[in-house]
Amino acid sequence: MMECRDIVKTYVTGEIETHVLKRVSFAIRDGEFVAIMGPSGSGKSTLMHILGCLDVPTQGSYLLDGRDVAQLDDDELADIRNRKIGFVFQSFNLLPRASVLRNVMLPLVYAGNDARTRQGLAESALRASAFPEQFWRHKPNQLSGGMMQRVAIARALVNNPSLVLADEPTGNLDSVTGEAVLATFQRLHSEQGRTIVLITHEPYVAEHAGRIIHIQDGQIADDHEVRQRRLVRNAGI
Amino acid sequence: MKLRDLLLETNSALTANKARSGLTILGIVIGIASVIAMVSIGAGTQSTIESNIEGLGSNLLTVLPGVQQAGRAFVSAGRGSAQTLTNDDAEALKEVSGVAAISPEVSRRYQITATGNNTNSTVMGAVPAYAAVHNVAVASGTFITEQSQRSLGRVAVLGPTVAEDLFGEGVDPLGKTIRINRINFKVIGMLQTKGGSGFSNPDDMVFVPLSSMQKLLAGSDYVSSIAMTSEQKDLMASVQAEASALLTMRHRVATPDFSIISQADILGTLSQVMTAFTVFLASIAGISLVVGGIGIMNMMLTAVTERTREIGLRMALGAKRREVAAQFLAESIALTFIGGAVGIGLGWVIARLVSQLGSIATRVSPESVALAFGVAAAIGIVFGYYPARRAAKLNPIEALRHE
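Chains as they are written, first to last, in numbering that gives the first Met the number 0: chain Y, 0 to 236; chain S, 0 to 402.
Hints in this document: simulated from the structure, not taken from any laboratory.
Heads up, some of the hints might be wrong.
To be verified - Some chain S residues close to chain Y (C-beta under 10 Å, calculated; not the full set): (1) Asp4; (2) Ala12; (3) Thr14; (4) Leu312; (5) Met314; (6) Gly317; (7) Ile396.
Positions of the beta carbon are idealized from the N, C-alpha and C atoms, including for glycine.
Using the sequences and the accompanying hints, generate a full structural model.
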């Protein structure tokens, strides 16, 4: 359960104050698949940083599983990111030196799990994101874009987070592999009941979610259920 | 984050760019190796000189004319320029309790010729006690005898170097005649090879009776120095004090117009000089260590810039700032540790090579190894701290956006 109450984010550069978010309020229940959509400069990236505990709001409160994260310090925020949030980035952000398995295990290194637990969790996360087993020992640069994004999804799932936060996950992929990645998200949502927040500027991508929150000029312009949801049947790459 | 993970990350980061890591390590290797080699050469030279001085004769006290000023090295005492010591002084010193032997000496350089060859060497006017006081022994013939001393004997004992210069290698000089300052002396003995001892080399000396030296060659009754030995090592101080008081009274002066130098004084002064020399060598080598450290810092700063996105990602995945700092600090410490270990090995090899090729004995002490390792670790921490702190202070959002 995530709840944003009157979130304001203001950046101060010299004497100029920029209000990026202006009293944004909404709630996302566990198990929802929500797309946050808006043009560039609308404040959706800033909202994502706050939802992902990479940043804290200037005013207002953000409750993640009933805990207000606006008051936490750097170390506590790092802990929250590690345990409750899984990130999927537009540019995958895999470690080029490490194998697929080691990349997926990376969050568990900071969680302090022992090696055997890590291995088990990483393997089940890779299976859940439909990543083929024969590539587990490969380096990321030996994989296609769609495969890399699946590794990133597995990494986001590995510590069983309350929230999977995907920032333009299809932005660097062609339409076919993008579709496959969206199918993976839909499956994680329907089969495993994951809470997924998808940030995008494309209406087509957003329509794969169950609900769309439109952001414009730092405010919520619209918040509605998707009536004709796009469902991907073909999960191949 | 566990220590094992930290080491794995360090290993993967350093092996990702082997050439760069290797070159950075090389900087530390050169620095540590030169510190180790320099310190071992310094320490080896020091112990060589100390053992040479001890070979001059133990329990040795030397009375020199002229005043030694406190705090100055004895070489500045103006030795030889003042003429205040006489044979009678030497005779009187025999009364000092605890004295084992007294050897008044006069030395000067003369041109020495024999059968067409000539050499310029130190001629030492000596008494029979000289041999005992200075630990010299004859290889053949006899040393200066009491009889030749009394009778102004024109006899000489040659050091092996002089003998070789005058008569050639392997020729027995006994019974032959040499000319010192155009006066004939008959060779009655030759010394065993002893080796130099810093200031004087008995191998390159000619010994004649003190009386002959004073009357025939130098033409004065003064002596250049009086060497004496005490019966026991712990009597040195009392002998020195008593001798000083006696000579002051005899010379009728308020403050001594002579100096008494003990073996300990010479050793002390030389140790000071050698320590300064070693520190000087080590600090020159230390400069290269600092340069190596700057190489580490340079590499780590480049790494932080190159891996900004990685740092952002790690922070997003839950790495705390101190864990990011620890990762980069671990890399720089690993670089200096590897460099330190290889450098100690290389320094040891250099020290051994110097021992084998040159005449300098070297000694790699455990202290210098420990010091070098400590310095290497310190350099890793000092020069790795700033880049690590820079990595830890990155804003995760900006780091993730970094291109």
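So, going through the hints one by one against the coordinates:
no.	hint	in the structure
1	Asp4	holds (5 Å)
2	Ala12	holds (7 Å)
3	Thr14	holds (8 Å)
4	Leu312	holds (5 Å)
5	Met314	holds (7 Å)
6	Gly317	holds (2 Å)
7	Ile396	holds (5 Å)
This entry satisfies every hint, going by the numbered hints stated previously.
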